[in-house]
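Engineer: Following the hints, put chain B in place on chain A, whose structure we already have.
For the record, the sequence lines run as chains A and B.
Residue numbers for the first sequence follow the numbering used here, beginning at 191 and rising by one.
Residue numbers for the second sequence follow the numbering used here, beginning at 4 and rising by one.
Source of the hints: derived by calculation from the structure; they are not laboratory data.
All C-beta atoms in this analysis are idealised placements derived from N, C-alpha and C, irrespective of residue type, glycine included.
Accuracy of the hints is not assured; some may be wrong.
Computed cross-link-like contacts, SDA-like style, restricted to lysine to any residue with a CA-CA straight-line distance of at most 25 Å [as the list claims (entries may be wrong)]:
#1 A:Lys201 x B:Ser31
#2 A:Lys234 x B:Gly96
#3 A:Lys234 x B:Leu51
#4 A:Lys234 x B:Pro114
#5 A:Lys252 x A:Pro271
#6 A:Lys234 x A:Asp246
#7 A:Lys273 x A:Leu250
#8 A:Lys268 x A:Ile216
#9 A:Lys205 x A:Lys252
#10 A:Lys234 x B:Gly105
#11 B:Lys72 x B:Ser27
#12 A:Lys234 x B:Leu14
#13 B:Lys73 x A:Ile216
Examples of chain B residues lying across from chain A (beta carbon under 10 Å, computed) [to be verified]:
#14 Asn34
#15 Val47
#16 Thr87
#17 Phe91
#18 Ala93
Now for the letters of each chain:
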Amino acid sequence: EAGVAQSPRYKIIEKRQSVAFWCNPISGHATLYWYQQILGQGPKLLIQFQNNGVVDDSQLPKDRFSAERLKGVDSTLKIQPAKLEDSAVYLCASSLAAGGISYNEQFFGPGTRLTVL
Amino acid sequence: SQQGEEDPQALSIQEGENATMNCSYKTSINNLQWYRQNSGRGLVHLILIRSNEREKHSGRLRVTLDTSKKSSSLLITASRAADTASYFCATVGAYGQNFVFGPGTRLSVLP
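So that you can see chain A by itself, here it is in the shape it has in the complex (with noise of 0.2 Å):
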């Protein structure tokens, strides 16, 4: 079966700038996560969608990220403005977990690495 895709791989972009990252997720996974890795950090949660549906938007930086999962599918995540602590590597993982529950396993995708110039 095919994996969690994740595009573009790399980008770099000034401070101030927009950027936008996409994730299609393991087909039948109900279930999507957009995670952010500052290097030498373990993933901190951004959002997870069930369906097409926010379950925890905690920790988004509302005032500079947005996240939509349009019909239950693939996800975007944006950025805007862009500020230099938000280099990182942006995970989307993937999992069957039903009820907004995030009990099983998470599947992850190769992620995209972002600099902020």
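Structural biologist: Coordinates of chain B only, in the frame set by chain A:
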């Protein structure tokens, strides 16, 4: 916070030796999971242990869980150079709260 904290932060061993990493957490959990991340790649799920389990095995991996001490350990036996990676524990709260990853242990297996 239920964040897992791995220990040690970095570990360097010779090929063929065993590697042990520990994870501590703060609140009640439903399950604890271990993931591996090779440099520049996404995370790969290794093993899940539920709160009512004490030990699980998968190939060369052995995971233990002590809920009274709120800690878990991951043992990799007969390590190989290909095991070089960062290892993360992630906890799922007792009421289904989302994954919280620790900072990870960077394992280097020298040939």
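Engineer: Next, verify each hint and record whether it holds.
Structural biologist: Tested hints:
1. A:Lys201 x B:Ser31: Roughly 39 Å separates the two Cα atoms, so the pair is violated.
2. A:Lys234 x B:Gly96: holds, 15 Å
3. A:Lys234 x B:Leu51: With a Cα-Cα distance of about 19 Å, the restraint between A:Lys234 and B:Leu51 holds, given a limit of 25 Å.
4. A:Lys234 x B:Pro114: violated, 33 Å
5. A:Lys252 x A:Pro271: Answer holds: A:Lys252 to A:Pro271 is near 11 Å, not above 25 Å.
6. A:Lys234 x A:Asp246: holds, 12 Å
7. A:Lys273 x A:Leu250: holds, 14 Å
8. A:Lys268 x A:Ile216: The hint holds at about 21 Å.
9. A:Lys205 x A:Lys252: Answer holds: A:Lys205 to A:Lys252 is near 17 Å, not above 25 Å.
10. A:Lys234 x B:Gly105: holds, 9 Å
11. B:Lys72 x B:Ser27: holds, 8 Å
12. A:Lys234 x B:Leu14: holds, 23 Å
13. B:Lys73 x A:Ile216: Given that 25 Å is the threshold and the Cα spacing comes to 33 Å, the pair is violated.
14. Asn34: This hint holds: B:Asn34 lies near chain A, its Cβ roughly 6 Å from the closest one there, short of 10 Å.
15. Val47: holds, 7 Å
16. Thr87: This interface hint is violated because 16 Å lies over the 10 Å limit.
17. Phe91: holds, 5 Å
18. Ala93: OK, holds: B:Ala93 within 10 Å of chain A, min 8 Å.
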